[in-house]
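A.B. asks: Chain by chain, the residues run as shown.
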Amino acid sequence: MRRLRSAWSAAWPPIAFGIAFLAIWEGFVVWRDVPPYVLPKPSVIWEQLTEHHDIITRAMWATAQNALVGLAVGLIAGLVMAIVAVRLKTLDELLTPLSAAVAAIPIVALTPVFNTMFSTTSPIPRRLIVAIVVFFPVFVNTARGLRRIEPVHAELMRSYAAGPWTITRTVRLPGALPFFFTGLRIASSTAVIAAIVSEYFGGLQKGLGPAITSAAAASAYPRAWAIVVAAIVLGLVFYLAAVAAEWLAMPWRRVTVTH
Amino acid sequence: MTDAVIVTGVDKRFGTGPTAVQALDGVDLVVGPGEFVSLIGPSGCGKSTLLRIIADLIPPTAGTVVVAGKAVGTARLDQEYGIAFQQSGLLEWRTVRSNIELPLQLSGMGRAERRARAMELLELVGLAEFADHHPSQLSGGMQQRVAIARALAPSPALLLMDEPFGALDEMTRERMQTELIRICAETGAAVVFVTHSIPEAVFLSRRVVVMSPRPGRITAVIEVPEVTRNEDFREDERFYAAVTEVREALRGRLATA
Chain B
21 MRRLRSAWSA AWPPIAFGIA FLAIWEGFVV WRDVPPYVLP KPSVIWEQLT
71 EHHDIITRAM WATAQNALVG LAVGLIAGLV MAIVAVRLKT LDELLTPLSA
121 AVAAIPIVAL TPVFNTMFST TSPIPRRLIV AIVVFFPVFV NTARGLRRIE
171 PVHAELMRSY AAGPWTITRT VRLPGALPFF FTGLRIASST AVIAAIVSEY
221 FGGLQKGLGP AITSAAAASA YPRAWAIVVA AIVLGLVFYL AAVAAEWLAM
271 PWRRVTVTH
Chain L
75 MTDAVIVTGV DKRFGTGPTA VQALDGVDLV VGPGEFVSLI GPSGCGKSTL
125 LRIIADLIPP TAGTVVVAGK AVGTARLDQE YGIAFQQSGL LEWRTVRSNI
175 ELPLQLSGMG RAERRARAME LLELVGLAEF ADHHPSQLSG GMQQRVAIAR
225 ALAPSPALLL MDEPFGALDE MTRERMQTEL IRICAETGAA VVFVTHSIPE
275 AVFLSRRVVV MSPRPGRITA VIEVPEVTRN EDFREDERFY AAVTEVREAL
325 RGRLATA
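Top to bottom, those sequences are chains B and L.
In terms of my numbering, the first sequence opens at residue 21 and continues consecutively.
In terms of my numbering, the second sequence opens at residue 75 and continues consecutively.
Source of the hints: derived by calculation from the structure; they are not laboratory data.
Just to be clear, a hint being listed does not mean it is correct.
Over 12 Å on every C-beta distance to chain L, these chain B residues come out as not near it, computed from the model [to be verified]: (1) 29; (2) 41; (3) 54.
Pulled a few chain B residues facing chain L out of the computed Cβ check, cut under 8 Å [to be verified]: (4) 172; (5) 173; (6) 175; (7) 181; (8) 191; (9) 194; (10) 198; (11) 241; (12) 268; (13) 272.
Label-pair restraints from in silico Cβ distances [unchecked claim]: (14) L:295 <-> B:108: 27 to 33 Å; (15) L:89 <-> B:120: 33 to 39 Å; (16) B:109 <-> L:260: 29 to 35 Å; (17) L:241 <-> B:37: 27 to 33 Å; (18) B:108 <-> L:318: 42 to 48 Å; (19) B:184 <-> L:90: 49 to 55 Å; (20) L:182 <-> B:260: 38 to 44 Å; (21) L:312 <-> B:108: 33 to 39 Å.
Idealized CB from N, CA, C, for every residue including glycine.
All chains should be built: construct the whole structure from the sequences, respecting the hints.
C.D. replies: This is how it looks when you write it as C-alpha cells:
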C-alpha cells in the first residue's frame, strides 16, 4: 500500500505536466487557428493514430526489429571489445581511437553506402547502422567500469593468487555492471532513432522512416505526426526495457537496509 | 612447530635517486605459532608496508621473509595466510556467505564443502542468520566480522590484519577486540596486527612491536604479561603498566628524533 502511494507520488507530476501540455497545445492551435501543416491539434493526431493503427503498428514492428537486432549486435561487440581492450594493453591503444572514429561516422553518409554494398531489399544495412551507433556508448562506459578496481579488492585478489582473467570475472565484470547499464540506457533509445534515420535513406520501404516520408509527401501532416508519436513510444519502450534489465540484473542494488 | 613469520633484514625503498623514500630499514621479526603480535607506530613508520611485504603484496628491496616455513611467494600461492584490511573489501554483489566462500572457490574447493565451511565460519563470527544478506544490509562492525571470517576461510595458520577496526566506533571496536581474542583462541592462528591504538595493541597482543618513521625501524618490543584477555583485563594494572610502557617507547623515540 505504501509502495503504491510512493509510486503514485513519483508518477503524478509528469502525468499532470503531460496533460497540461497537451491541453495548452490544443487550446493554442484552436485559439490562433494554426493550419494543420504547421501544427496539428493533439486530438487530430490521436484520431490519425487510431485510424491508421494497423499501418503504424506494422511500421513500428519493422523498425523495432531493426533496432533490436542492431542493439544486440552493438551491445555484444561493445562488451567484448571493452573486456579485450582492458585486458590487453596493446589492443587498448588500437581499439580506443578506433572506437572514437566509429563514433564519428556520419550515419547519414554511411547508409547509402551500405545499401549498395548489400542489396536494397536487405535489412542488414539498417541493422549495421544501429549496431555502429550502439557500440560506442556501450564500449566507452563498460571499459571505464572495467578499469576501476578498488585497491582493497586488487590486494585481496592478489592474496588469493588470482590470475587476471579470474579478477576480470569475479571483480571487474560485476563491478562494471552499473557502467554497462548506463551505456545501455543511452544506447537503447539511440538505437530506435538510428533505425528510423537509416530507413530514410533508400532501401526497403518498411518501417517508421518511410512511413513518415510518404505521409509528408501526401501532405498528410497529422498522419506524419501520428507516426512521430509512434516513434517516440517505441523509443520509450526500448528505454524502459533497458531500465528493467538493469533492475533485474543487479538485485543487490535494491536490497533494503536492515541493520 | 614452524614459526608463523620470520622476517630477516628487510629493507624497503620506494622510488629511486634523491626522491627515494626509505620505508623500512633492517627489520627483523619472528612471530611464533599462534602468537599475537601488534605493529604500532606513527603514520609513515612502515608498519603497513611491513605487513604487505609479509603478505607478498609488495616485494622487499632487500632481505627475506619466510611464512609457515615457505618463501613468501609460495606461501601466498598456497594461501598460508588470511588477510583483512581497514575496509572490509566485501564484494557488494555477493551475499555474505558467498563472500566468505570466495577464497575457497578460487582455490577450487567443491560447492557443498565450501558452503559448509562458510556456515561454520558464520557461526564462529556470530552472523549465521545473515548468510543470505548482501553486505550493504550490514553495519560496519558486521561487515568487518564477515571480512575476518573470509580471511579465516582457508584455515590459515596466520592472520594478517591492517587496522581492521580503524573505521569502527569505540564501543564496537572493543567488542570486536574481545571477539577476535575468542576467534584466535578457537582457531589457534598467529596474528600480525597493524594498529595505531595503544590500548588496542596491548589488549590483543603478547608482544607489541614499536616502530619509528624515516627510516622505518623497530625501536622496541614490549612483552605483555600472559593474562586471560577479557573485559577485566582492561581495568587491570598490568594493562595500564603495559600501555604506559608502549606510550613511553613511542614518545622516547620522538624525544631523541
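A.B. asks: Now tell me, hint by hint, if it's right for this structure.
C.D. replies: Evaluated hints:
1. With a cut of 12 Å on Cβ distances, residue 29 (chain B) stays outside the contact zone with chain L, its closest approach being about 25 Å.
2. Against chain L, the non-interface label of residue 41 (chain B) holds: every CB pair exceeds 12 Å, the least being about 39 Å.
3. Residue 54 (chain B), annotated as away from the interface, keeps every beta carbon of chain L farther than 12 Å; the closest lies near 54 Å.
4. Residue-level restraint check for residue 172 (chain B) holds (minimum Cβ-Cβ distance to chain L is 4 Å; threshold 8 Å).
5. For residue 173 (chain B), the interface hint holds, the least distance from its beta-carbon to any beta-carbon of chain L being 6 Å, beneath 8 Å.
6. At a threshold of 8 Å, the smallest CB-CB gap from residue 175 (chain B) to chain L is about 5 Å, leaving the interface hint in force.
7. Proximity of residue 181 (chain B) to chain L holds as hinted, the smallest CB-CB distance being about 5 Å (cut-off 8 Å).
8. Using the Cβ-Cβ criterion of 8 Å, the hint placing residue 191 (chain B) at the interface with chain L is satisfied: the shortest such distance is roughly 7 Å.
9. Because the smallest distance between the Cβ of residue 194 (chain B) and any Cβ of chain L comes to about 5 Å, under 8 Å, the interface hint for this residue holds.
10. Hint on residue 198 (chain B) is violated. Least Cβ distance to chain L is approximately 10 Å, over the 8 Å limit.
11. Proximity of residue 241 (chain B) to chain L is violated relative to the hint, the smallest CB-CB distance being about 51 Å (cut-off 8 Å).
12. At a threshold of 8 Å, the smallest CB-CB gap from residue 268 (chain B) to chain L is about 13 Å, leaving the interface hint violated.
13. The interface hint given for residue 272 (chain B) holds, since its Cβ lies 4 Å from the closest Cβ of chain L, which is under the 8 Å cut-off.
14. Between residue 295 (chain L) and residue 108 (chain B) the C-beta distance comes to about 48 Å, which lies outside the given range of 27 to 33 Å.
15. Taking the beta carbon of each, residue 89 (chain L) and residue 120 (chain B) are about 35 Å apart, inside 33 to 39 Å as hinted.
16. As the Cβ distance of residue 109 (chain B) to residue 260 (chain L) is approximately 46 Å, the hint placing it in 29 to 35 Å is violated.
17. About 44 Å separates the C-beta atoms of residue 241 (chain L) and residue 37 (chain B), a value inconsistent with the hinted range of 27 to 33 Å.
18. Taken as a hint, the range 42 to 48 Å is violated for the pair residue 108 (chain B) and residue 318 (chain L), whose Cβ atoms sit roughly 57 Å apart.
19. Checked against the given bound of 49 to 55 Å, the beta carbons of residue 184 (chain B) and residue 90 (chain L), roughly 27 Å apart, lie outside it.
20. The supplied range of 38 to 44 Å is met by residue 182 (chain L) and residue 260 (chain B), whose beta-carbon atoms lie about 42 Å from each other.
21. Look at residue 312 (chain L) against residue 108 (chain B): about 59 Å separates their beta carbons, and that is not inside 33 to 39 Å.
In summary, the numbered hints that this structure violates are 10, 11, 12, 14, 16, 17, 18, 19 and 21.
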